[in-house]
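Protein chains in written order, with this note's numbering: chain G, 1 to 109; chain P, 1 to 203.
Rather than coming from a laboratory, the hints here were simulated on the basis of the structure.
One or more hints might be untrue.
[Said to hold, decoys possible] With a Cα cut of at most 27 angstroms, we get these calculated DSSO-like pairs of lysine-lysine:
{"#": "1", "chain 1": "P", "residue 1": "K163", "chain 2": "G", "residue 2": "K11"}
{"#": "2", "chain 1": "P", "residue 1": "K194", "chain 2": "P", "residue 2": "K163"}
{"#": "3", "chain 1": "G", "residue 1": "K11", "chain 2": "P", "residue 2": "K185"}
{"#": "4", "chain 1": "P", "residue 1": "K163", "chain 2": "G", "residue 2": "K39"}
{"#": "5", "chain 1": "G", "residue 1": "K11", "chain 2": "P", "residue 2": "K78"}
{"#": "6", "chain 1": "G", "residue 1": "K11", "chain 2": "P", "residue 2": "K194"}
{"#": "7", "chain 1": "G", "residue 1": "K14", "chain 2": "P", "residue 2": "K163"}
[Said to hold, decoys possible] Examples of chain G residues lying across from chain P (beta carbon under 10 angstroms, computed):
{"#": "8", "residue": "S19"}
{"#": "9", "residue": "V20"}
{"#": "10", "residue": "Y24"}
{"#": "11", "residue": "F25"}
{"#": "12", "residue": "D33"}
{"#": "13", "residue": "K39"}
[Said to hold, decoys possible] Computed Cβ-Cβ distance ranges for the label pairs, DEER-style:
{"#": "14", "chain 1": "P", "residue 1": "E203", "chain 2": "G", "residue 2": "G37", "range": "34 to 40 angstroms"}
{"#": "15", "chain 1": "P", "residue 1": "E140", "chain 2": "G", "residue 2": "P21", "range": "21 to 27 angstroms"}
{"#": "16", "chain 1": "P", "residue 1": "D167", "chain 2": "G", "residue 2": "M53", "range": "48 to 54 angstroms"}
{"#": "17", "chain 1": "P", "residue 1": "D89", "chain 2": "G", "residue 2": "Q31", "range": "26 to 32 angstroms"}
Every residue gets a Cβ at the ideal spot worked out from N, C-alpha and C, and that includes glycine.
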Amino acid sequence: METNNKLSLDKIGKELPFSVPENYFEQFATQIDEQIGFKSSSKKKFLRPWMYMAAAVFTGIAVLTPVLYTTNSQRTAIQTTENYESYVLSQVDETVLLDCYVNDVPATK
Amino acid sequence: MTIIEVKTVNALKIRSHQLKSMTPAEEEFQQQLGDPKKRTAAFSSLVRSYQERLYWHIRKMVLSHEDANDVLQNTFMKAWNGLDGFRGDSQLSTWLYRIATNETLTFLSNKRMRNVSSIDDVEEGLLSVLRADNYFNGNEIQLKLQQAILTLPEKQRLVFNMKYFDDITYEQMENVLGTSVGALKASYHHAVKKIEKFFADEE
Numbered sequence: 001m002e003t004n005n006k007l008s009l010d011k012i013g014k015e016l017p018f019s020v021p022e023n024y025f026e027q028f029a030t031q032i033d034e035q036i037g038f039k040s041s042s043k044k045k046f047l048r049p050w051m052y053m054a055a056a057v058f059t060g061i062a063v064l065t066p067v068l069y070t071t072n073s074q075r076t077a078i079q080t081t082e083n084y085e086s087y088v089l090s091q092v093d094e095t096v097l098l099d100c101y102v103n104d105v106p107a108t109k
Numbered sequence: 001m002t003i004i005e006v007k008t009v010n011a012l013k014i015r016s017h018q019l020k021s022m023t024p025a026e027e028e029f030q031q032q033l034g035d036p037k038k039r040t041a042a043f044s045s046l047v048r049s050y051q052e053r054l055y056w057h058i059r060k061m062v063l064s065h066e067d068a069n070d071v072l073q074n075t076f077m078k079a080w081n082g083l084d085g086f087r088g089d090s091q092l093s094t095w096l097y098r099i100a101t102n103e104t105l106t107f108l109s110n111k112r113m114r115n116v117s118s119i120d121d122v123e124e125g126l127l128s129v130l131r132a133d134n135y136f137n138g139n140e141i142q143l144k145l146q147q148a149i150l151t152l153p154e155k156q157r158l159v160f161n162m163k164y165f166d167d168i169t170y171e172q173m174e175n176v177l178g179t180s181v182g183a184l185k186a187s188y189h190h191a192v193k194k195i196e197k198f199f200a201d202e203e
């Protein structure tokens, strides 16, 4: 028993005599993240809603542009025709029209 | 206690008596690990929560940092790949400790296989690795204790480390090692006696 007084478990204590490299656990966790395919960066999480919004806006523009463009161009085409007709009509009187009719009709047929 | 809710959300089967003994963090982990969308993120947090205690559990057995690092990686990859097989029959921590223990014992037995000459050589090898390890910062007495621990049979060494350094209860140990509480108590008692004898013989 006297030897136990010299060297015993009580004297040695329970502290582990080991250490690890600096930042070991942080690096280890990141390494496992890579292996399981987990992208943990907070930037990505933050960016995600913005990416969704941008994609939604882009899709919206892509879908609506042809529709709006077609409607507008059709409207412009109609307006142009109407304007042209009223302009022509405003520039001619009955005699000119008759002349035009007499001269042009045979030619068109 | 919202056991029914937990059961519906969780794909893993959790028994009510186990929930009672489970920490809220463990419950949450189990729920999220059962959800395929949250699984990777949950596992990542799980690694961060358990890596240190599992590392020290392994390190005490393999002694060198490099080897502990390898075994810890294998442990988590085994856990990740075996996640579907985990049905909540045991606590998450018990399950992880069990994998870590198996990986450690496999590592040591492979080392033994490679070392064809004798069993003692592996223990002697471990000790020399410890002496040379940059991450061993103990004094002579602590080194002597490690030397004494290395004279124990592997299973006894495991029991001694878990009880002496980590103060893990015999009941928890029983779940991890699959040995009865009575046998574990006897094993620890023998280990302490052997270590004290080792010290006495060294004097």
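Q: Report the numbers of all earlier hints that the structure fails to satisfy, in ascending order.
A: The structure conflicts with hints 4, 5, 14, although it agrees with all the remaining ones.
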